[in-house]
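Residue numbers (the UniProt record's numbering), protein chains in the order written: chain A, 1 to 377; chain B, 1 to 123.
The set of hints was computed from the structure by calculation and includes no laboratory data. Treat the hints loosely; a few may be bogus.
Lysine-lysine pairs mimicking DSSO-like chemistry, simulated, CA-CA at most 30 angstroms apart [what the hints assert, rightly or not]:
| hint | chain 1 | residue 1 | chain 2 | residue 2 |
| --- | --- | --- | --- | --- |
| 1 | A | LYS358 | B | LYS118 |
| 2 | A | LYS346 | B | LYS99 |
| 3 | B | LYS118 | A | LYS21 |
| 4 | B | LYS101 | A | LYS358 |
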Amino acid sequence: MSSETLKTTPLHALHVELGAKMVPFAGYDMPVQYPLGILKEHLHTREGAGLFDVSHMGQAWLVSETGDDPAIAFESLVPADVQGLAPGQQRYSQLLNDDGGILDDLMVTRPLSEFGSDRLYLVVNAACKDQDLSHIAEALKGRLRVEPLEDRALLALQGPKAANVAARLFGEELSFLPFMGQARIDWLGADLWFSRSGYTGEDGYEISVPADKAESLARVLLAEPEVEAIGLGARDSLRLEAGLCLYGHDIDTTTTPVEAGLVWSIGKRRRTDGGFPGFDTVAKQLADGAARKRVGILPEGRAPAREGTPILDADGAEIGMVTSGGFGPTLGGPVAMGYVPKGFAKDGTPVFLSVRGKALPANIVKLPFVPPGFYRV
Amino acid sequence: MADRKFSEEHEWIEVDGDVATVGITDHAQEQLGDIVFVDLPEVGTELNKDDEAGVVESVKAASEVYAPIGGEIVEVNDTLTDNPALVNEDAEGDGWFFKIKIADPGELDDLMSEAEYKDFIAD
Chain A
1 MSSETLKTTP LHALHVELGA KMVPFAGYDM PVQYPLGILK EHLHTREGAG
51 LFDVSHMGQA WLVSETGDDP AIAFESLVPA DVQGLAPGQQ RYSQLLNDDG
101 GILDDLMVTR PLSEFGSDRL YLVVNAACKD QDLSHIAEAL KGRLRVEPLE
151 DRALLALQGP KAANVAARLF GEELSFLPFM GQARIDWLGA DLWFSRSGYT
201 GEDGYEISVP ADKAESLARV LLAEPEVEAI GLGARDSLRL EAGLCLYGHD
251 IDTTTTPVEA GLVWSIGKRR RTDGGFPGFD TVAKQLADGA ARKRVGILPE
301 GRAPAREGTP ILDADGAEIG MVTSGGFGPT LGGPVAMGYV PKGFAKDGTP
351 VFLSVRGKAL PANIVKLPFV PPGFYRV
Chain B
1 MADRKFSEEH EWIEVDGDVA TVGITDHAQE QLGDIVFVDL PEVGTELNKD
51 DEAGVVESVK AASEVYAPIG GEIVEVNDTL TDNPALVNED AEGDGWFFKI
101 KIADPGELDD LMSEAEYKDF IAD
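Chain B with its partners taken away, still in its complex shape (with noise of 0.2 angstroms):
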């Protein structure tokens, strides 16, 4: 399994050569309760690293989804589009929002590790 690292937005992010794929993670899915809608980047957009990428909404709020590290997305899974619900399915798997073109391999540094962000979360 690639190496997977978490955000303190509640991204978790798994990198694949130069391109990484993010999604929110299963913690966040569990707090915002119930999607009903998520908005992906376009393909061709260049973010820099914590801008926002996307939006997910339960039946409740709104709530950002942000780059956790920058560079251009060169994918986004239209399948939530139609099926929003798959984000709470399986939030880490086939629940994942887009694939992002790495342009500064050091951002990833500043992630956390699953063990860190367990700890994060438990706080």
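Same shape as in the complex, but just chain A (with noise of 0.2 angstroms):
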């Protein structure tokens, strides 16, 4: 046990006002769920739109110090594009370690041009923020300077209404940004920074916020007719369903991003010519295949199978393990992610789930479980 004192971020206080109820996570207070429910808040955001505080999270500016640009060193450490980045466009991307293990994923953005074409603007997890910053610190001394934007807060506002309240209140050019786009607005003296992702599976924007306007933001928000605040536990169910994963459960510093199936976010040019921690094992695994793979299991029955759950073959034989699992309130049943050898990965595959002792019929299944809702021009 601990006796540390929690983090709050800067909408504590309308978490309590509203009634969440409060946990302690990555070592911030947050709200778990409001009184509407985890159930009805994942099918609102489904629906309309939800409002999650993701301050939590860790933003910062990584600054060329050499008049380079900052794409080329912070390559060193990621296997996505990043000097392709245009200004004004985000990717997803992994830390790697030099066995090609995720030290943490994040999102990377160029930012638009008036920031400045000296830096790159991150976001990371909250429990990795300190080693994350220092470990890119430290590797990319004297090249790139951190500056952690500590007096900013960071709200997601996601769902298919979320493009109509964002295009009402901050601007109608919101609902034309493009999907992993940056855009820069003046509120009321604010300057808010949206980009258009999120980790729902559904259409809507991150929004970065000076700490001080993060509140009377959330409650302007909050007043539109489509918007629900929706906890931690719901933001955990939407993105099981949406096929994302969770650091620290899904992926690892065992896990590549072969194996987790993120080959998406491998740069091109970066599969050939490398250039960042553990490629001989990433180009080894893109060209033999991995020997495991992340995949979807949809268990057949209503039982839950959770993370730590054993995968089992038809002989009963463990060939795997669960690393997220839970009820899918959209699909009204259990979902489950995990990862299994390259063999029983395909479409389809007939697996077992070990719950309390009893080995429950599934099926592999392509992610996501549920279609994307993503804004494409």
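Hints are included, so try docking the two chains, each in its own frame, into the full complex.
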């Protein structure tokens, strides 16, 4: 037991006022659910718009100290094509170790040119942010400077109605912002940074806001009829149905981007040229296929299979493990993800899940479980 | 109304002759949140007091349900298999879990009264 005090986000008082059930998460006192409850919060986000407080995540500038494109230095730590990002474009990537294991996953943006061409904007996971930022600062010393953006909060507005709400409140141009694109809006003197991305499989935005304006922004959003406050509980079930990885569960230092099914996030140039940690391992897996793969698993019955559930073959031999599992409210039944040997990774392969000593039938399925609602021009 | 007793594991038990009906308390369902799955014991199972009798799962997590007294399971509430949300709607009524044939009525003495349970959850 730690007696350490939990950190709070600038929206803490609002969460309490809204009647949220608060739980410790990554060192922060965070809302797991509001009075609506996880099930309804989840379904509301798939039909309307949900507002999430993700201010616990780490935001930072990476600033070039050499005058070179900061993307060149950052590419030595991640397998994404960062140099290829145009100003105002964002990309998903992973910090890798020398074995190709994943230290964390992140979003990197080459900001709009008005921010300056000397920098990248980074968003990393709450639980990893201190390690990530010191890892980057140490590895790229003399080339990139890390400037944590501790005076900014981060909100996510997610769901099929998010674009209508954003356009109504902040300007029509937000409805035409491309997927993974950035926009900067002056809202009553507050400098808002929008990116059209999220962690629910729905259309929507992540909005970086000065900490002292975060609560008024959240109140304005919540006053819109389509918007409900959504807690971390529904955030987890939404991302699970969307087939998105949760760091420390579905991906960690023992998994590579190839095993995790994240090959799409490795830049084409980088697959051949390398220049990132673990390239040998990743290149070999790209050429020969990884020995195991992250897959979707759909249990046939109603019993959820939680993280750590053994995956069995027809003979009862253990072939893998569930890394995320629970109930998918949109599907109305249990859903899971986990790793299996490549011979079992094909869509439709029957497996069994060992839940409390019973072998329950399940099938390997393609991810995501629900079709994505991302904005496409 | 028959006598109702409560366990520290948040089960309620109502005795009717030599058979007792068991469920989880309204406080427990509220703590769990939206219930999406209930695993019930099989009829005929012999359980000792405090044995695991079943599992109740919310969107977020799984929790065990224990037998507040020992005995033989004589009936289970099959409705919960298809409608686990009934536990949220009426935990201490239609959302009951199972009926157990009481092996030793003396074990009932270890359980709390309603007033004692209210104090217990207030702490």
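Going through the hints against the structure:
The suggested pairing of LYS358 of chain A with LYS118 of chain B is violated, with an alpha-carbon distance near 36 angstroms, which exceeds 30 angstroms. Distance hint between LYS346 of chain A and LYS99 of chain B is unfulfilled; the C-alpha atoms sit about 44 angstroms from each other, more than 30 angstroms. Restraint check for LYS118 of chain B and LYS21 of chain A: the C-alpha separation of about 21 angstroms stays at or below 30 angstroms, so the hint holds. For a cut-off of 30 angstroms, the pair hint linking LYS101 of chain B to LYS358 of chain A stands: about 26 angstroms separates their Cα positions.
When held up to the earlier numbered hints, the structure conflicts with 1, 2 and fits the remainder.
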